[in-house]
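Take these sequences, add in the hints, and give me the full structure.
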Amino acid sequence: MNNESIPKPPLAGVLYGRICYWIVLIGIFISIIGMIIYFTSDGCIDRETLWQGIWSGADKETLWQNNCTGEDVPHGHWYFGQLGDGDALAMLGVAVCSVAAVIGMWAAFGATVREKERVYSIFALIVAVILTLGAIGIISFH
Amino acid sequence: MGELAGIDGFLILMAISIVIGIVAVLGGVGGGVVFTPLMMGFTAIDSFVIRATGLLVAMAGSLVAARPFLFRGLANIRLLLMAAVPYSIFAVIGALLAGYVAESFGATGDAIIRLSLGVLVVGIAALILFGGKKVEYPDVSNVDSITERLALSASYYEQSLDKVVHYKVAKAPVGILLFCFVGLISGLFGLGAGWAMVPALNLVMLAPLKVAAASSKVLIGIGDTAAIWQYIMDGGIFVNFAVPCVIGLVIGTLIGARIMIRVKAGFIRYLIIGIMVFSGIKLAWDGIDKLRSGTEEHAGIIINSLFDGVSNLI
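Quick note, the sequences are listed as chains P and D, same order.
Sequential numbering of the first sequence, starting at 1, is according to this note's numbering.
Sequential numbering of the second sequence, starting at 1, is according to this note's numbering.
Hints in this document: simulated from the structure, not taken from any laboratory.
Even glycine gets a Cβ: it sits at the ideal position worked out from N, Cα and C.
Incorrect hints may have been included.
Straight-line C-alpha distance at most 30 Å; calculated DSBU-like pairs for lysine-lysine [to be verified]:
(1) P:8 / D:171
(2) P:116 / D:210
(3) D:163 / D:210
(4) P:8 / D:168
(5) D:163 / P:116
Now the stretches of chain P that chain D is said to cover, found in silico as 3 or more residues with beta-carbon under 8 Å [as the list claims (entries may be wrong)]:
(6) 34-46
(7) 51-60
(8) 83-91
(9) 117-124
This is the structure in C-alpha cells:
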C-alpha cells in the first residue's frame with residue numbers, strides 16, 4: 001500500500017451500517033420462526049385461502065377477509081395484538097426489518113451531533129423524523 | 001394451488017427469488033427492479049401486493065449491503081444524508097399516492113399503474129442499454145458554491161489501485177431535484193431506484209462510479225424504509241408471499257455477489273435487459289387491455305342507462 005494511510009470512515013456511516021445489518025438479520029430470523037409456526041398451526045388468516053387468493057389476483061380487501069383482527073383490512077400494527085399466531089409473528093419480523101433504518105438513522109444523527117457536523121445533523125434529523133413518523137403510523141394514507 | 005400453501009410453496013417461491021437475486025446482481029441492478037415487473041407481468045397477483053413486496057425486497061437487500069460499503073468508506077455518508085432528505089420525502093408521497101390510487105380508482109387505477117410501470121421499465125432497460133457511458137473517475141473542475149459549502153468531497157481506499165482515491169462532487173442542487181423524482185417513482189411503483197440514482201450521482205454530481213453505486217445501494221434502504229411503512233400500515237404485506245421473497249432475494253444477492261467476481265456478466269446484462277423489455281411490454285399491454293375493458297364496461301353501463309331512460313320515456 002502507498003504511504004497514504006487508509007481513511008477512517010465517518011462514525012455516522014459505520015454506526016448506521018452496523019445497526020441496519022444486524023437488525024435486518026434479526027428481523028429475518030423472527031420471520032422464519034413465525035413462518036414455521038404458521039405452517040404447523042393456524043394463523044390470523046387461513047393459509048390455504050390466502051395462498052389461493054394471492055395467486056388468483058384477489059385484492060387486499062378480499063385477501064384480508066375473515067382475518068382474526070375483526071377489521072376488514074387491519075391498518076397499523078395489527079400483529080402486536082396477535083403474536084401467538086405464526087403469521088403475526090412473521091409480520092413482526094418484517095416490521096423489525098423495516099425499523100432497521102429508523103434506528104440506524106437516529107444513531108447516525110447522534111454521531112453527527114457528536115462530531116459537530118451541524119448541517120448533516122439537521123439532514124439526519126429530518127430523515128430520522130420522517131422514517132419515525134412513517135413507522136409509528138402518523139404519516140399514513142388512513 | 002392450495003396444496004402449495006405450506007412449506008412447498010414457500011420453498012418454491014424462495015428458490016425463484018434466489019434466482020432473481022443472482023441474475024439481478026450479475027446484471028448490475030437491484031433485485032426489486034427485476035422482481036416487481038416480472039411478478040406484475042407474469043402472475044395474476046394484485047399489483048398493490050407486488051409493489052409492497054417489491055419495496056420490502058429492495059429495502060432488505062440494500063440494508064444488508066450497507067455495512068461493508070459504509071465501513072470501507074465507499075458510500076459517502078454526507079452525500080447519503082443530503083440525498084436522503086428529498087428522496088425519503090418523495091418516496092413517502094409516492095407511496096401515499098399508490099394507496100390513494102388503489103383505494104380511489106380500483107381496477108382503472110391498477111390498469112394505469114401497470115401501463116405506466118410498463119413504459120417506465122422499458123425506459124429503464126433503454127437507459128441501461130443506451131445510457132451515457134459511465135465514468136469511473138469523473139474530472140471535477142468546477143464546484144458550485146452550495147456544493148462547496150456542503151463539503152461533500154471525501155476519500156476511500158481503492159483496493160484495485162492500491163491507493164487512496166480523493167474525489168470531489170459537484171451540482172448538489174441539481175442532484176437534490178433529481179432525487180425528488182427518483183423518490184416519487186420508487187414509492188409509487190415499489191422499485192429500488194439504483195438505475196436512476198447511479199447516473200444521477202455519477203454523471204450529474206460527478207462522484208466516482210464505485211462511490212455512486214455504493215451510495216445508491218445504501219440510499220435505497222433509507223428511501224424504501226420511508227415508503228414501506230405506508231404499505232405495511234395499509235395491509236399490503238402478506239407474509240406467506242413476502243417472507244420467502246425477501247429471504248430468497250437476500251440469499252440470491254449474497255450468492256450473486258460471490259459469483260460476480262468469477263464470471264463475465266456481459267451476457268447476463270443483456271438477459272436482464274431482455275427480461276425487462278419483455279415484462280415492460282407485457283405490463284403495458286395488460287394495462288391497455290384492462291383500461292379498454294374498463295372503458296367498454298363503463299360505455300356498456302352508459303348505453304344501458306340511456307336505453308332504460310328511453311324505454312321509460314316511451
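Here is how each hint holds up against the structure:
For the proposed pair residue 8 (chain P) and residue 171 (chain D), the alpha carbon gap of about 26 Å is at most 30 Å, so the pair holds. Simply put, residue 116 (chain P) and residue 210 (chain D) have alpha-carbon atoms about 28 Å apart, close enough for the 30 Å limit, and the pair holds. A distance of roughly 14 Å separates the Cα atoms of residue 163 (chain D) and residue 210 (chain D); the hinted pair therefore holds under the 30 Å criterion. With a C-alpha separation of about 17 Å, the suggested pairing of residue 8 (chain P) with residue 168 (chain D) holds against the 30 Å cut-off.
The straight-line distance between the Cα atoms of residue 163 (chain D) and residue 116 (chain P) is roughly 29 Å, inside the 30 Å bound, and the hint therefore holds. Only residues whose C-beta sits within less than 8 Å of a C-beta in chain D count toward coverage, and the segment 34-46 of chain P has 5 of them, enough to reach three; the restraint holds. For the segment 51-60 of chain P, the stated coverage by chain D holds: 9 residues have a C-beta nearer than 8 Å to a C-beta of that chain, and at least 3 were required. Counting residues of the segment 83-91 of chain P whose beta-carbon sits less than 8 Å from any beta-carbon of chain D gives 3, enough to reach three: the coverage restraint holds.
Coverage of the segment 117-124 of chain P by chain D holds [criterion: at least 3 residues with CB-CB distance below 8 Å; count 5].
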